[in-house]
Amino acid sequence: MADEANRSSEHPALHGDAAERLAGELRRTPPWLDEMSRARMERSLVETWRARGAAKVSMPAPRAARPPAARWLFAGALAASAAAGVLFSLWALDDSRSVSGPRLPVAQFELLVDGMTLQSGNLAEGQTLEAGKRGHIEVSLGASRLDIARESRVRFERLSADDVRVSLVSGSLDVAFHPERPGEQHLSVSTRAAQVQVVGTRFSVHVDGRGDTRVEVSEGVVRVQPRAVGQERLLRVGESVLVPVDAGDESEQAVREAMEAGLAAAAAPAPGEAAAGEPLPLEPETGFDGLDMDFTEAEVAEESAPGVPRASHENVLEAARRMLRQGKHSAARDRLRALAASPAPVRVRVEALTLIAESYTAQGYIPRAADTYRQAAYIAPGHAAGHNALFALARLHERYTLDRQAAVSAYQRYLRQASQGALAPQARDALCRLEQIEFCQR
Amino acid sequence: MQNVRTIANNAELLEEAELLSRAANGDEACVRRLFRVHSPKLHRQVARILGAADPDVEDVVQQVFLAALDGASRFDGRSTVSTWLFGIATRRALDAARSRWRRQRWSRMAEAVGMGAAAPAPDRNLGALADADAILSRLSPEQRLVFVLHDVEGHTFAEIAGLTDIGISTLHGRLTSARKRIQQLAKEADHG
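Protein chains in written order, with the numbering used here: chain A, 722 to 1163; chain B, 3 to 194.
Worth flagging that the hints you see were computed from the coordinates, not collected in a lab. Backbone N, C-alpha and C fix where the C-beta goes; we use that ideal spot for every residue, glycine too. You may find that some hints are simply not true.
[What the hints assert, rightly or not] Residues of chain B placed beyond 10 Å of chain A at every Cβ, according to the derived structure:
#1 Q64
#2 G89
#3 R105
#4 P143
#5 I168
#6 S171
#7 T172
#8 G175
[Claimed, not checked] Residues on chain A that point at chain B, a partial pick, calculated with CB under 8 Å:
#9 A740
#10 A744
#11 E746
#12 P751
#13 M762
#14 S765
#15 L766
#16 V767
#17 T769
#18 W770
#19 R771
#20 A845
#21 E846
#22 A1052
#23 R1058
With the rest of the complex left out, here is chain A:
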């Protein structure tokens, strides 16, 4: 009631026409979530959730609203029986589906600048900590202690008493891990290049701007597994190893070179297409509508987007690359999105989208990365750059989402469109690896 009175006393008419007109205009045009966007968002959410694994929660029964006194007993009994049903189902679910051990009592962090605590608090799963230029962050996780060096970024993927998983996105991380129950408690550090698994030790991990990862052990033993095909290695005290990003896969360099060459030649059809005649139209996957970037002919014919003159495309790309190397992903993506949506040449727009996708990949937003590669493929059908984006999408599914079917589908689409393309041998190898036997015999 008081709120009603409060609201009426603040009627827009009393505080000026401009604000009232603005509010009225906004009320007439509410933001609308169209069905295609909703479907895309739902798919992205489910893929991300699936990739992160089922959560381990036990939820208290909700407190039912208090019923009126006259019938409280009846309503209470009904609510209690319903609550018991929920509790039982939760118990049953927990029993059958819980995938990890109990959570840590408290995971805490402290941001220190010049030895002084500037900020502290509790950590939650999925949270990211980023140390600035002057500070470093100390994290206590039960039996382990992590020291995040300045200008470093770490995401905490899982925080349970027996399983701590962190991702080092950039910078350096020192780890001291002394489990109370050796062999049962695990800690792992993932980077773009490698996964470092620990059983009780002290070591440091450093990721440089390119994504290469250096691991140094000062106590105990760690196991380093390159993310790409490569040999696992045990590191002992005093040993160190440098894992280049995607090292171990001999085809990687060829892939990178082919993608760069494809971008450079994006304006012209790929040699394979020239021989094969008209390029095949791209078949967008279910759920992709290409609406994020509406690259119609009419739009291409428009004037250059304000702030992104044609002459500065390379500068924008270079500035964005520099920002990405500095870990400023969000700001870099903003610039790249503007460039991708501008009437710049296809080569520039595809490169912008490719960089956005790589940024999303580096930050773990895999479904968004996949969407962006699809967009890149969509705007350059029949061109090598578009085919390369399709290949990158396939590789993303193979390595990150672990969606075998999607990877196979994307590799096959690549081969349908660019059977003689620069990446065709790698695509066939990948299909063979994914147990598509017919590709193993060539």
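Got chain A sorted already, so can you dock chain B onto it with the hints?
Chain B alone, transformed into the frame defined by chain A:
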């Protein structure tokens, strides 16, 4: 009659809570259902706070659901799941708006001292935005939040305080300054 309604509300509350619980425990169908039920309203809330054409809207909505699924154990049933999600969405969107506002501080400063117009936001490059959105983009995130939630969406101060953990008197002050700023921007637009 009121009792019947209360009982029905309780049943709905329990059903919602169970849906959240099952989704958080890995039931994919429940994740999808939770998303379908709540995404339109959450999207609208986030889009109001960030701007309908803001490219981060979808990311923020996804973060809201991931945070809710991760933190389902913290849902205590004192409000509906919908209200709880609204709170998460509002705070996440405000965080995203503040982050963007900080990133754009140099261009705003350059504009203020007459060194040229601020660099256009990426969303402006995607097409013509309504004048309303252009004016809103000049408000601080805190001013914008209280203006759109109170004057546009019709929430009371108490409701906004519940969603954001910001005091009512602070909200009141921000709304007043938001309205003044809008008046000023509208005048500038008329003269310019």
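Comparing the hints with the structure gives:
The claim that B/Q64 is not at the interface with chain A is violated, since a C-beta of that chain comes within 10 Å of its own (minimum 5 Å). For B/G89, the requirement that its beta carbon stay farther than 10 Å from each beta carbon of chain A is met, with the minimum near 16 Å. Listed as a non-interface residue, B/R105 fails to keep its Cβ farther than 10 Å from every Cβ of chain A; the least gap is roughly 5 Å. Against chain A, the non-interface label of B/P143 holds: every CB pair exceeds 10 Å, the least being about 15 Å.
At roughly 16 Å from the closest C-beta of chain A, the C-beta of B/I168 stays outside 10 Å, upholding its exclusion from the interface. No beta-carbon of chain A comes within 10 Å of the beta-carbon of B/S171; the shortest separation is about 12 Å. Residue placement check: B/T172 keeps its beta carbon more than 10 Å from all beta carbons of chain A (closest about 15 Å). Separation of B/G175 from chain A is adequate, the least Cβ-Cβ distance of about 13 Å exceeding the 10 Å criterion.
Given hint, A/A740 at the interface with chain B, holds; its Cβ is 4 Å from that chain's nearest Cβ, closer than 8 Å. The criterion of a C-beta within 8 Å of any C-beta in chain B is met by A/A744, whose closest approach is roughly 4 Å, and the hint holds. Contact between A/E746 and chain B, as hinted, is supported at the beta carbon level, the nearest pair being about 5 Å apart and thus within 8 Å. Taking 8 Å as the C-beta cut-off, the interface hint given for A/P751 holds, the closest approach to chain B being about 6 Å.
Among the interface hints, the one on A/M762 holds; its C-beta lies about 6 Å from the nearest C-beta in chain B, closer than the 8 Å criterion. At a threshold of 8 Å, the smallest CB-CB gap from A/S765 to chain B is about 6 Å, leaving the interface hint in force. Using the Cβ-Cβ criterion of 8 Å, the hint placing A/L766 at the interface with chain B is satisfied: the shortest such distance is roughly 5 Å. Against a cut-off of 8 Å between C-beta atoms, the interface hint on A/V767 holds, since the closest Cβ of chain B lies about 6 Å away.
Against a cut-off of 8 Å between C-beta atoms, the interface hint on A/T769 holds, since the closest Cβ of chain B lies about 7 Å away. The restraint placing A/W770 at the interface with chain B holds, with a minimum CB-CB distance near 6 Å, inside the 8 Å limit. Evaluation of the A/R771 hint against chain B yields a held restraint, the C-beta minimum of about 7 Å falling below 8 Å. Taken as an interface hint, A/A845 checks out: its beta carbon lies about 7 Å from the nearest beta carbon of chain B, inside 8 Å.
Hint status for A/E846: holds, given a least beta-carbon distance of 5 Å to chain B, under 8 Å. The interface hint given for A/A1052 is met, as the beta carbon of that residue sits about 5 Å from the closest beta carbon of chain B, less than 8 Å. The interface hint given for A/R1058 holds, since its Cβ lies 5 Å from the closest Cβ of chain B, which is under the 8 Å cut-off.
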